[in-house]
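Respectively, the protein sequence lines represent chains A and B. Residue 83 is where the first sequence starts when you use the numbering used here, and the numbers rise one by one after that. Residue 691 is where the second sequence starts when you use the numbering used here, and the numbers rise one by one after that.
Read the hints as simulated data drawn from the structure, not as lab findings. One or more of the hints may lead you astray.
With a straight-line Cα cutoff of 25 Å, these simulated BS3-like cross-link-like pairs (lysine-lysine) come out [what the hints assert, rightly or not]:
(1) A/Lys195 with A/Lys121
(2) B/Lys724 with B/Lys699
(3) B/Lys745 with B/Lys704
(4) A/Lys192 with B/Lys724
(5) B/Lys720 with A/Lys121
(6) A/Lys195 with B/Lys753
(7) B/Lys720 with A/Lys140
(8) A/Lys192 with B/Lys699
(9) A/Lys195 with A/Lys256
(10) A/Lys195 with B/Lys704
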Amino acid sequence: MTEITIDMVRKRAEADAKTYGYYLVPDPDLLQALLEGLKVNEERYGYPSCPCRLAAGKFDYDRDIICPCDYRDPDVAEFGACYCRLYVNKEVFEGRQELPTVPERRPLEKQSKAYTATVVSKETEAAKAKEKLETATKEEPEETLKTKPKLWYCKQCGYVTFRDDPPYICPICKAKRKMFAEIKTRTDFIG
Amino acid sequence: MQFSKVSGKQSQHKVVLYALSTCAWCKMTKQFLKDNDVEFEYIDVDLCEEEDKQKIREQIQSKGGSLSYPTTIVDDNLVITGFRKDKLKEVLGI
Numbered sequence: 083m084t085e086i087t088i089d090m091v092r093k094r095a096e097a098d099a100k101t102y103g104y105y106l107v108p109d110p111d112l113l114q115a116l117l118e119g120l121k122v123n124e125e126r127y128g129y130p131s132c133p134c135r136l137a138a139g140k141f142d143y144d145r146d147i148i149c150p151c152d153y154r155d156p157d158v159a160e161f162g163a164c165y166c167r168l169y170v171n172k173e174v175f176e177g178r179q180e181l182p183t184v185p186e187r188r189p190l191e192k193q194s195k196a197y198t199a200t201v202v203s204k205e206t207e208a209a210k211a212k213e214k215l216e217t218a219t220k221e222e223p224e225e226t227l228k229t230k231p232k233l234w235y236c237k238q239c240g241y242v243t244f245r246d247d248p249p250y251i252c253p254i255c256k257a258k259r260k261m262f263a264e265i266k267t268r269t270d271f272i273g
Numbered sequence: 691m692q693f694s695k696v697s698g699k700q701s702q703h704k705v706v707l708y709a710l711s712t713c714a715w716c717k718m719t720k721q722f723l724k725d726n727d728v729e730f731e732y733i734d735v736d737l738c739e740e741e742d743k744q745k746i747r748e749q750i751q752s753k754g755g756s757l758s759y760p761t762t763i764v765d766d767n768l769v770i771t772g773f774r775k776d777k778l779k780e781v782l783g784i
């Protein structure tokens with residue numbers, strides 16, 4: 083595995099900021115500390131989860147807080163910066179707006195997973211084992227999570243994504259969440 | 691559960707800081723308290739065992755705090771969420 087360097091983390095963040103029209107926080111010490119936090123998380127979890135949020139260490143539970151997190155776009159739009167303040171808008175970058183305090187938008191239910199990840203998976207395992215015993219003849223689909231990812235499409239631009247919930251803002255055309263609809267798939271057996 | 695203690699001359703309040711080792715704002719809070727010679731104890735929640743995380747969650751929520759970091763609890767009852775210099779100054783009288 084290639085070693086993760088601060089430079090790699092920085093370049094990735096810079097490229098993403100450029101793509102989506104954001105800026106990285108101008109304070110060099112703060113920026114450095116945030117990038118270091120991302121690096122540590124990528125090293126220990128295998129993905130760069132938000133340095134300012136407690137991760138569960140399980141990909142399925144942390145998917146929404148992998149940087150850039152699901153909450154960045156609505157937070158920058160509403161407050162001028164994302165939750166950890168790595169990404170800011172032009173006004174903040176140019177010093178015309180003070181670096182804001184950004185409240186947590188992530189639902190408590192998702193935050194809670196970081197405190198109960200092990201407990202939940204143990205319970206799920208126990209329940210699964212019990213269920214297997216009871217329905218030994220039936221085939222069990224492998225499902226460990228309560229929420230299932232679905233296909234969503236943006237009614238404005240056609241962007242399609244496969245996840246638990248639709249994005250807050252379309253990453254392509256910036257349409258709001260309400261412009262997303264679920265794509266219902268159906269399997270037909272013919273003949 | 692092991693809290694790290696930082697001694698300081700400003701010790702009239704009990705200051706407990708819940709932090710993350712990776713969080714830039716938690717680092718700034720620790721530094722701010724040190725710079726102002728405030729005695730405090732802190733714990734990096736991301737480095738804790740699973741059972742301790744659960745206990746910490748109960749501790750924070752029982753005081754009415756949210757699960758955001760840094761969370762500073764002063765004298766067991768006043769919760770400050772985030773790095774709020776103004777609030778820390780006001781509450782700690784520094």
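Hints versus structure:
1. A/Lys195 with A/Lys121: Within the cut-off at roughly 22 Å; holds.
2. B/Lys724 with B/Lys699: 10 Å, holds
3. B/Lys745 with B/Lys704: At roughly 19 Å apart (the allowed maximum being 25 Å), B/Lys704 and B/Lys745 satisfy the hint.
4. A/Lys192 with B/Lys724: With Cα atoms ~33 Å apart, A/Lys192 and B/Lys724 exceed 25 Å; violated.
5. B/Lys720 with A/Lys121: Satisfied, since the Cα-Cα distance of roughly 21 Å is no more than 25 Å.
6. A/Lys195 with B/Lys753: Given pair A/Lys195, B/Lys753 holds - Cα atoms ~20 Å apart, limit 25 Å.
7. B/Lys720 with A/Lys140: Violated - the C-alpha atoms of A/Lys140 and B/Lys720 are around 28 Å apart, more than 25 Å.
8. A/Lys192 with B/Lys699: 40 Å, violated
9. A/Lys195 with A/Lys256: Given that 25 Å is the threshold and the Cα spacing comes to 29 Å, the pair is violated.
10. A/Lys195 with B/Lys704: This hinted pair is violated, its Cα atoms lying about 30 Å apart.
Comparing the model with each earlier hint shows violations of hints 4, 7, 8, 9 and 10; every other hint is respected.
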